[in-house]
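Visitor: The chain contents come next:
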Amino acid sequence: MSNTVALSIENLRFAYQGKLALDDVSFTINASDFTFLLGPNGAGKSTLFALITRLYDCREGKIALNGFDIKQQTRKALATLGIVFQQTTLDVDLTVQQNLHYHAALYGMSRKLAKSRIQEELERLAMFERRSEKVAKLNGGHKRRVEIARALLHKPSILLLDEPTVGLDVQSRVAIVEYIHYLTAHEQLAVLWASHLLDEIYSTDQVLVMHKGKIKAKGHREQIVAMTKTKDINTAFAQLTQGELS
Amino acid sequence: MSLTHYMRAMLGIIGRELWRFITQRERFISALVRPLVWLFVFAAGFRAALGLAIAPPYDTYILYEVYITPGLCGMIQLFNGMQSSLSMVYDREMGSMRLLMVAPLPRWFLLLSKLLAGTGVSILQVYVFLLIAYMYEIEAPWQGYFLLLPALMLTGLMLGALGLLLSSFIKQLENFAGVMNFVIFPMFFMSTALYPLWKLKESSKILYALASYNPFSQAVELIRFALYGQLNHYALAYTLVTFILFSSIAIVGYSPSKGMMARKGIG
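Chains A and B are the protein sequences, given in the same order. All residue numbers for the first sequence refer to our numbering, where the first residue is 57 and numbers rise by one. All residue numbers for the second sequence refer to our numbering, where the first residue is 3 and numbers rise by one.
Isolated chain A, as found in the complex:
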């Protein structure tokens, strides 16, 4: 594990129309860390993602990506970030490579560089052969692979994934979870993975349990089980969220 801080969140608070969505959230993610953000629906995971990506402004607290403050140095901070959103954000009328070229243009990549990066990333996910197909023709698992390839195109050092495996078959889920873990181990990528699927947690992952806008527990899977004096992560999670697993 590296000690370089990739993502740092300090005392984050956020409210929608008077309702508190995040309450004093603080944590850091280092390069090569796989951090599993666990929480039931409505825990505040999506709000947290929206603040990290600056879709919304954080009024209280601080967010820094690779040392760049998201409010003061927004563009530098965002340039180091790759995102896989919960809902698919691919244009289904375009082909796989057209979607990726569009992303490359938004990140200022030249056509030549984009072409070689697209090939590289698609080959790693065994999708290069399908580059000329329209996204509408792909199944859910393949669409997700393309979205991961796209998020990595500009070589970010932090990758955010919001429930990336929801609705996928077991085989696709396992493949994606394994691939992202591979990237943290071999390419020093810092990963924040939001999910409520407990079987996706590896023993080496840092786990953050979130409930009603608060971080209820931090640590490795076994540490959280020991802390809650339960028999496994399922019961630990149920106890921490008072049975609101969904």
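Read the hints as simulated data drawn from the structure, not as lab findings. Built from N, CA and C at the ideal position, the CB exists for glycine as well. One or more of the hints may lead you astray.
Have a look at the derived ranges for each label pair, beta carbon to beta carbon [what the hints assert, rightly or not]: (1) A/Arg69 to B/Gly180: 30 to 40 Å; (2) A/Ala71 to B/Ala57: 55 to 65 Å; (3) A/Arg167 to B/Glu141: 57 to 67 Å; (4) B/Phe111 to A/Ala241: 47 to 57 Å; (5) A/Val148 to B/Gly180: 41 to 51 Å; (6) A/Asn290 to B/Phe30: 50 to 60 Å; (7) A/Gly123 to B/Arg27: 42 to 52 Å; (8) A/Gln129 to B/Pro188: 42 to 52 Å; (9) A/Ser82 to B/Phe111: 30 to 40 Å; (10) B/Asn183 to A/Ser82: 16 to 26 Å.
Derived contacts from chain B toward chain A, CB cut-off under 8 Å, selection only [as the list claims (entries may be wrong)]: (11) Thr6; (12) Leu13; (13) Arg18; (14) Thr25; (15) Gln26; (16) Arg27; (17) Val104; (18) Ala105; (19) Gly180.
Chain A is fixed; fit chain B onto it per the hints.
Guide: Relative to the frame of chain A, chain B by itself:
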């Protein structure tokens, strides 16, 4: 961030929009059918009922079809502006607007690029429409077709900015259908697209006032004069000012710190 980055991103956004438009054949056809029905059916029917006096930019008596052609060009851009904002509401619900918003570029620049992309599509539609009109013997002086281009750029941007502004206020698609009725139809009918201002003045003073202040009227007049090789300074200034106003409010609306984005919640 270098200038090349900005250029590449803008070209990427415009290219994507144009490509989508060209490949969506139904959208292309329906965008043309609407003004053509107005031209071939409505205008032909009203030709006898409406008498038009000689007024600038025309220097002779004209047929009603000739009069409403610039208005229909404006109509194409009005629908396009609203449609692209409809696609933004859709994009926001589906998430691809998020993808754009998290790109490492200033948000105003991304929104402006999106506006330019929509305007490019509308200009393409207008020229195809004018080509068909030309074959129907609705002809303007040749230099008018060139002068029209900058005019269409500005009117397209202004109407697109209006759509963008509306999209920043609308939370969900369902609300949008209502806005179409409350925005498009009043703007179109209370304008100089179908009848000149002096005709409106004869029938209703209120309608006349509304049509005079309607930014769509000024957009149509800018198009009308440009198509006949002339510049309507008042219409140009009015359209420019409304464009700046609408786009400024829209940019505030999409700003993460100030606007309506924060009030909407996570889509």
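Visitor: So, for every hint listed, does it hold in this structure?
Guide: Do the hints match the structure? See the list:
no. : hint                             : in the structure
1   : A/Arg69 to B/Gly180: 30 to 40 Å  : holds (36 Å)
2   : A/Ala71 to B/Ala57: 55 to 65 Å   : holds (58 Å)
3   : A/Arg167 to B/Glu141: 57 to 67 Å : violated (41 Å)
4   : B/Phe111 to A/Ala241: 47 to 57 Å : violated (37 Å)
5   : A/Val148 to B/Gly180: 41 to 51 Å : violated (27 Å)
6   : A/Asn290 to B/Phe30: 50 to 60 Å  : holds (54 Å)
7   : A/Gly123 to B/Arg27: 42 to 52 Å  : holds (49 Å)
8   : A/Gln129 to B/Pro188: 42 to 52 Å : holds (45 Å)
9   : A/Ser82 to B/Phe111: 30 to 40 Å  : holds (33 Å)
10  : B/Asn183 to A/Ser82: 16 to 26 Å  : violated (49 Å)
11  : Thr6                             : holds (7 Å)
12  : Leu13                            : holds (7 Å)
13  : Arg18                            : holds (5 Å)
14  : Thr25                            : holds (7 Å)
15  : Gln26                            : holds (7 Å)
16  : Arg27                            : violated (12 Å)
17  : Val104                           : holds (5 Å)
18  : Ala105                           : holds (4 Å)
19  : Gly180                           : violated (23 Å)
Hint compliance for this structure: hints 3, 4, 5, 10, 16, 19 are not met, and every other hint is.
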